[in-house]
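Number of protein chains: 2
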Amino acid sequence: MPQGRVSTTPDDGLTTRQRRNRPLLVVHTGAMKGKSTAAFGMALRGWNQGWSIGVFQFVKSAKWKVGEEEAFRALGEVHERTGQGGPVEWHKMGSGWSWSRKAGTETDHAADAAEGWAEIRRRIEREEHQVYVLDEFTYPLKWGWIDVDEVVSVLTARTGRQHVIVTGRDAPQALVDAADLVMETTKVKHPMDAGQKGQRGIEW
Amino acid sequence: MPQGRVSTTPDDGLTTRQRRNRPLLVVHTGAMKGKSTAAFGMALRGWNQGWSIGVFQFVKSAKWKVGEEEAFRALGEVHERTGQGGPVEWHKMGSGWSWSRKAGTETDHAADAAEGWAEIRRRIEREEHQVYVLDEFTYPLKWGWIDVDEVVSVLTARTGRQHVIVTGRDAPQALVDAADLVMETTKVKHPMDAGQKGQRGIEW
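From first to last, the protein sequence lines stand for chains A and B. In terms of the working numbering, the first sequence is residues -2 to 201. In terms of the working numbering, the second sequence is residues -2 to 201.
Please note that a few of the clues may not be correct.
Claimed, not checked - Pairs of lysine-lysine, DSBU-like flavour, derived with a Cα cap of 35 Å:
no., chain 1, residue 1, chain 2, residue 2
1, A, Lys186, A, Lys60
2, A, Lys184, B, Lys194
3, A, Lys186, B, Lys194
4, A, Lys184, A, Lys194
5, B, Lys60, A, Lys139
6, B, Lys186, B, Lys60
7, A, Lys194, B, Lys60
8, A, Lys62, B, Lys186
9, B, Lys194, A, Lys194
10, B, Lys186, A, Lys184
11, B, Lys60, B, Lys184
12, B, Lys62, A, Lys62
13, B, Lys194, B, Lys184
14, B, Lys139, A, Lys139
15, A, Lys184, A, Lys57
16, A, Lys186, B, Lys186
Because the hints were derived from the structure by calculation, they are not lab data.
Full structure from sequences and hints, please.
Rendered as structure tokens:
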């Protein structure tokens, strides 16, 4: 539920309505689980608005599959079949992005990450989606595979109405500085502390 | 992505598999947005496992509608039509719970909350769902409308495989103590600080 009130009214020449509809750059960071699940939960809200949802997962293996992927693919089919909600695209880095199937080449994670970002950049410049979930995107930034300054520059210069949600631990400071909303998940208690390993339906 | 390893192996007489599949009591608390969205994101994973999802929103008005509601209703219909995923029920307190339409009576929020909890208790005792999202449930606990000790006692005594996710600020300590997983959302930055009000697709 939206709580609280705005504490200041900025002198930015925008009406309340214009300011309200300004697209957001959102960062979910912190050490605890909940970063990606909260991003996908937010994308559900966008889907319900009829917005185009683009998910880009910077994961090591294309075999890695979270339950949200099947649920969003089902919602994408609902949209195609009935017009309800918005269209959904879900791409994973893993062994190559789904839009560029390179057969037989050795997997180079750094190159794959850079290729993923290049495509996201093109889509942002074409205003292709209204919601971008860049899942686990902080890692290629942290490892220097993708240039943080370029990312911040593309994201802050984006036109139209495009919300971008970035997830992952250790978000770079330049990205945090550029973001409108930064949420950090903190661990109070985790089943692993009590010797319980991850389980299906909960961790994936 | 599940990260980290268990630090201890408890002497609880359970096999790793039994311990892994132990159902969880999860609490999402803290001052920042993301508590409910992360709970609904987690419920997506359960839906994909074919589990029965029961959402119970302790909200002041039944008119209050988050985008997740439509998305989950759509997923429930996907299940009915194709068998994919699990069944979904979504109930809101507001002007009375959907299973008990009291016409013409004055709205008594405390009584509505207590009635909601009584129904949830019955369902838990019947093992009706595999995932319960008790959204904004900490508030009726905080206001004394529902007895915390009774809740903790019912939740810790629950049988079978029922995951329970509770969201809301200021989770009572007894609930935190009983929980397996407690996630706190912390505000690093929020658009309201910059004078931007909530917007559709993001806040609801």
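Each hint, compared with the structure:
Between the alpha carbons of Lys186 (chain A) and Lys60 (chain A) the distance comes to roughly 29 Å, so the proposed pair stays at or under 35 Å and holds. For the proposed pair Lys184 (chain A) and Lys194 (chain B), the alpha carbon gap of about 29 Å is at most 35 Å, so the pair holds. About 32 Å separates the Cα atoms of Lys186 (chain A) and Lys194 (chain B), which keeps this hinted pair within 35 Å; it holds. With a CA separation close to 16 Å, the supplied pair Lys184 (chain A) and Lys194 (chain A) stays within the 35 Å bound.
For the hint linking Lys60 (chain B) to Lys139 (chain A), the alpha-carbon distance of about 43 Å lies beyond 35 Å, and the restraint is violated. With a CA separation close to 29 Å, the supplied pair Lys186 (chain B) and Lys60 (chain B) stays within the 35 Å bound. Note on Lys194 (chain A) and Lys60 (chain B): the hinted pairing is violated, with a Cα-Cα distance of about 40 Å set against a maximum of 35 Å. For the proposed pair Lys62 (chain A) and Lys186 (chain B), the alpha carbon gap of about 30 Å is at most 35 Å, so the pair holds.
Distance hint between Lys194 (chain B) and Lys194 (chain A) is unfulfilled; the C-alpha atoms sit about 40 Å from each other, more than 35 Å. With a C-alpha separation of about 19 Å, the suggested pairing of Lys186 (chain B) with Lys184 (chain A) holds against the 35 Å cut-off. Proposed proximity of Lys60 (chain B) and Lys184 (chain B) is supported: the alpha carbons are some 27 Å apart, at most 35 Å. Of the supplied pair hints, the one linking Lys62 (chain B) and Lys62 (chain A) holds, its CA atoms being roughly 29 Å apart against a limit of 35 Å.
Distance check on the hinted pair: Lys194 (chain B) and Lys184 (chain B) sit about 16 Å apart at the alpha-carbon level, within 35 Å; holds. This hinted pair does not check out: Lys139 (chain B) and Lys139 (chain A) have alpha carbons roughly 41 Å apart, beyond 35 Å. Distance restraint check for Lys184 (chain A) and Lys57 (chain A): the Cα-Cα separation of roughly 24 Å lies within the 35 Å cut-off, and the hinted pair is therefore satisfied. With a C-alpha separation of about 24 Å, the suggested pair Lys186 (chain A) and Lys186 (chain B) falls inside the 35 Å cut-off, and the hint holds.
Checked against the numbered hints given earlier, the structure breaks hints 5, 7, 9, 14 and satisfies all the rest.
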